[in-house]
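Protein chains in written order, with numbering that gives the first Met the number 0: chain A, 0 to 277; chain B, 0 to 294.
By construction, these hints were calculated from the structure, which means they are not laboratory data. From the three backbone atoms N, C-alpha and C, an ideal C-beta is built for every residue, glycine too. Treat the hints with care, as some may be off.
Derived lysine to any residue pairs resembling SDA-like cross-links, with alpha carbons at most 20 angstroms apart [what the hints assert, rightly or not]:
hint : chain 1 : residue 1 : chain 2 : residue 2
1    : B       : K195      : A       : S175
2    : A       : K144      : A       : W160
3    : B       : K191      : B       : N173
4    : B       : K191      : A       : G139
5    : A       : K142      : B       : N173
6    : B       : K191      : A       : H138
7    : A       : K142      : B       : K191
8    : A       : K142      : B       : Y187
9    : A       : K43       : A       : E169
10   : B       : K195      : A       : R136
11   : B       : K195      : A       : E169
Sample of chain B residues at the chain A side, in silico, Cβ under 7 angstroms [what the hints assert, rightly or not]:
hint : residue
12   : F30
13   : Q169
14   : N173
15   : L181
16   : G182
17   : M183
18   : S184
19   : V192
20   : P199
21   : A290
22   : E291
Each chain, written out:
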Amino acid sequence: MEEAVKPDVDPKRIASVLNELDPDANRPANVIETTGLNLHFGAKTILSGVNMAFARGTTTALIGPTGSGKSTFLRTLNRMNDRVAGFRHEGDVRLDDQSIWAPSQDLLAIRRRVGMLFQRPNPFPMSIKDNVVAGVRAHGIAKGKQLDVVAEIRLREVGLWDAVKDRLHESPYRLSGGQQQLLCLARALAVGPEVLLLDEPTSALDPLSTESVEKLMRTLTPALTLIVVTHNLGQARRVSDHTMFFYEGRLIEHGPTAQVFEHSRESDTARYVNGLMG
Amino acid sequence: MTVLPMGHPSTGWRRIKSMGFRFFTWGSLLFVVGPALWLIVGVVVRAVPNWRWSVLTTLSQGTSGGLENAIIGTVVLMFGVLVIAGTIGVLTGIHLSEFAVSRRGRPNGGTMRVAVDVLSGFPSIVLGYVGYVALCVGLHWGFSLLPALLILSMMVVPYIAKSTESALRQVPTNYREGAEALGMSTGYALRKVVVKSALPGIVTGLLIAISIAGGETAPLLYTAGVTNNLPTWSLLHHPISYLTYYVWTDWNQPSTEAHIVSFDAGLILVVMILALLVVSRVIVARTQRHAEGAR
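Model the full assembly from the supplied sequences, consistent with the hints where possible.
This is the structure:
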C-alpha cells in the first residue's frame with residue numbers, strides 16, 4: 000500500500016497563483032470614478048457635484064424620484080448624452096483611471112466596455128441569433144461559425160437557450176417582453192463589457208420576468224460591474240451592494256445598501272426609502 | 000331606453016356620424032381604385048383581342064411592325080434611372096434625415112430641402128427642354144441615352160429623397176439607441192439596423208420613381224429622340240426608343256394597325272409596372288420578416 004502523500008503547499012503561494020490568474024488584479028479597484036461631475040442641458044443644470052467611485056465587481060443601485068438626474072447620470076457613463084443637443088459637462092468620469100472624454104479614447108470601445116440595457120426591450124428587426132451577435136459582428140470579435148457558438152453561449156448565460164434554440168432564425172418580436180429583455184441582455188453581454196448600465200431594466204416587465212432578470216443580475220457580479228437605475232426600492236435592496244440616492248439634481252447620500260435603507264444619514268433619504276416621498 | 004345626462008350626444012347621432020365618416024372614406028377609396036381599374040381594364044380590353052406575340056420580337060417600322068426596340072429601350076431607361084436617381088435620391092434622403100439636423104435636434108439643411116422641393120415642382124416638359132438645349136445641343140450629345148437618363152433622374156430624385164427621408168424618420172429611437180449603446184458606429188448602425196427597417200418606404204419611393212421614368216413621354220421627346228433600332232451600348236449620339244412614344248404617336252395615326260400597336264405598347268407598360276410592383280412587394284416581405292409589425 001502506498002502512503003497517501005499530503006500535498007505540502009503554502010497557502011500564500013496559492014493566493015499568489017490565483018492572483019496572477021485574476022485578470023483584474025492589476026487594474027484599479029474602482030472601475031468607474033466620477034469627480035466633481037456637473038451635467039447640464041443648455042442653461043439647465045441636471046446634476047451637480049457628483050463624486051463617486053464604483054468598485055469593480057459590485058452592483059450599485061441609483062434611486063430617487065423622477066427628474067432627480069439619475070438616468071442622465073447613468074447615460075453619461077457611456078457617453079450616450081454626448082449627442083444630445085445642449086449637453087455639457089464639467090468634472091470628469093474615469094474608466095479604469097482614464098477619462099472617458101480623453102482625446103485618445105475611442106468612443107466605440109468605451110461603449111463596448113460599458114454596455115447598456117434599456118427600460119423597454121429593444122431587439123433589432125433581425126433574427127434572434129442576429130440580435131445576439133449584432134454587437135459581436137459590429138466589433139469584428141467573431142465571424143462565421145464562431146457566431147453560432149457565441150449566440151449559444153450568451154443565450155445559455157441568460158437562460159433563454161432552451162426557449163429559443165429551435166427558432167433562432169425567427170423574429171424576436173414573437174418573444175414575450177421578459178424574453179425580449181433577456182435577449183437584449185444577451186446581446187449586451189456578447190461584446191464582453193466590463194460594466195453594464197441598466198436603466199430601469201424591469202419596469203416594463205411582469206413580476207416573474209423581473210425575478211429572472213434579477214436572478215441573472217446576481218450571477219453577473221463579480222465578473223461585471225452593474226449600475227442599475229430603479230424606481231423599485233425592493234429591487235434596489237434585493238440586488239445591490241451600494242445605493243446612491245439622488246434628489247433634485249444632487250447626490251444626497253450613498254453607501255452600502257443596508258445602511259442607506261435602514262440608517263439613512265439624511266432626512267430626505269429616509270423619507271424616500273420609507274415611501275413618504277414619491 | 001337608456002337615459003343619458005343632458006348635453007350628451009345621443010347614441011343615434013354618433014352612429015350616424017360614424018356611418019357618414021365610413022361612407023366618405025369608402026368613397027375616397029373608390030375614387031382612387033376606380034380610375035386605376037378603369038385604366039387597366041380599358042387597355043386590356045382593347046389590346047388583348049388583337050394581341051400578337053410577335054410585337055415582342057420584331058422591330059418597329061415607323062407606325063407598324065413590333066415594339067422590341069421600345070421595350071428594351073424602356074427597360075434600359077428604367078434600369079438607368081434606378082441606378083442614377085436611386086443612388087442620388089437615397090443618399091439625399093439619408094443626408095436630410097440623419098445628418099442635416101441642427102444642434103437643437105430640429106431638422107436642418109434648409110437649402111437642400113428647398114432645392115428638392117423646387118426640383119419636384121418643375122413641369123417635366125420644362126426639364127426636357129432644358130435637357131435638349133443644354134445637353135443634346137449645348138454639349139453636342141445629340142438625342143441619346145445619357146441626356147434622357149439625366150433628365151429623368153432629375154425628375155424623380157425628389158420623390159426618392161422625400162420617401163427615404165420620411166421612412167428613416169419613422170425608425171424608432173429605440174433601434175438607434177440600442178445600436179449606439181452596443182458601440183456600433185453611426186454608419187454601421189445606419190446600414191445594418193436603421194436603413195433595413197426603413198426599407199419598405201424606400202422601396203416604395205424607388206418603385207414610384209421607376210414607374211414615372213417608364214411612363215414619362217414629354218422630357219424623352221426632347222432628349223431620347225426616336226429610332227427603329229435596338230438600343231446600342233453607347234451613351235451618346237444614338238437615339239433610344241421607349242414605349243410611351245408609340246402609345247402616343249401611333250394613336251394619332253389614321254390606320255387601325257397603328258392603333259393596335261399603340262394599345263400593345265400600353266398593355267406592355269401596364270404589365271411591366273405591375274410586375275415591378277410584385278417584385279418590390281416580394282423584396283419588402285423578405286427583408287421585413289423579422290420586423291416588429293410582422294407576426
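Evaluation of the provided hints:
For the suggested pair B/K195 and A/S175, the alpha carbons sit about 23 angstroms apart, so the restraint of at most 20 angstroms is broken. For the hint pairing A/K144 with A/W160, the CA-to-CA distance comes to about 17 angstroms; that is within 20 angstroms, so the pair holds. Simply put, B/K191 and B/N173 have alpha-carbon atoms about 14 angstroms apart, close enough for the 20 angstroms limit, and the pair holds. Only pairs whose Cα atoms come within 20 angstroms are accepted, and B/K191 paired with A/G139 is accepted, the gap being roughly 14 angstroms.
Of the supplied pair hints, the one linking A/K142 and B/N173 is violated, its CA atoms being roughly 26 angstroms apart against a limit of 20 angstroms. Note on B/K191 and A/H138: the hinted pairing holds, with a Cα-Cα distance of about 13 angstroms set against a maximum of 20 angstroms. Taking the CA atoms of A/K142 and B/K191, the gap is about 16 angstroms. The hint holds against a cut of 20 angstroms. Restraint check for A/K142 and B/Y187: satisfied, since their Cα atoms lie roughly 16 angstroms apart, inside the 20 angstroms limit.
A threshold of 20 angstroms between alpha carbons decides the hint, and for A/K43 with A/E169 the separation of about 45 angstroms lies outside it, so the pair is violated. A distance of roughly 16 angstroms separates the Cα atoms of B/K195 and A/R136; the hinted pair therefore holds under the 20 angstroms criterion. Of the pairs offered as hints, the one joining B/K195 and A/E169 holds, with about 16 angstroms between alpha carbons and a cut-off of 20 angstroms not exceeded. Look at B/F30: its Cβ only gets to about 34 angstroms from chain A, farther than 7 angstroms, so that hint breaks.
Interface hint at B/Q169: violated, since its Cβ lies 13 angstroms from the closest Cβ of chain A, which is beyond the 7 angstroms cut-off. Nearest Cβ of chain A to the Cβ of B/N173: about 4 angstroms, under the 7 angstroms cut. The hint holds. Contact between B/L181 and chain A, as hinted, is supported at the beta carbon level, the nearest pair being about 4 angstroms apart and thus within 7 angstroms. The beta carbon of B/G182 is positioned within 7 angstroms of a beta carbon in chain A (closest approach about 3 angstroms), and the interface hint is therefore held.
At its closest, the beta carbon of B/M183 sits 4 angstroms from a beta carbon of chain A; the interface hint therefore holds under the 7 angstroms criterion. Taking 7 angstroms as the C-beta contact cut-off toward chain A, the hint placing B/S184 at the interface holds, the least distance being around 6 angstroms. Interface hint at B/V192: satisfied, since its Cβ lies 5 angstroms from the closest Cβ of chain A, which is below the 7 angstroms cut-off. Because the beta carbon of B/P199 sits about 11 angstroms from the nearest beta carbon in chain A, more than 7 angstroms, this interface hint is broken.
At its closest, the beta carbon of B/A290 sits 5 angstroms from a beta carbon of chain A; the interface hint therefore holds under the 7 angstroms criterion. The closest approach between the C-beta of B/E291 and any C-beta of chain A is roughly 5 angstroms, which is under the 7 angstroms cut-off, so the hint is satisfied.
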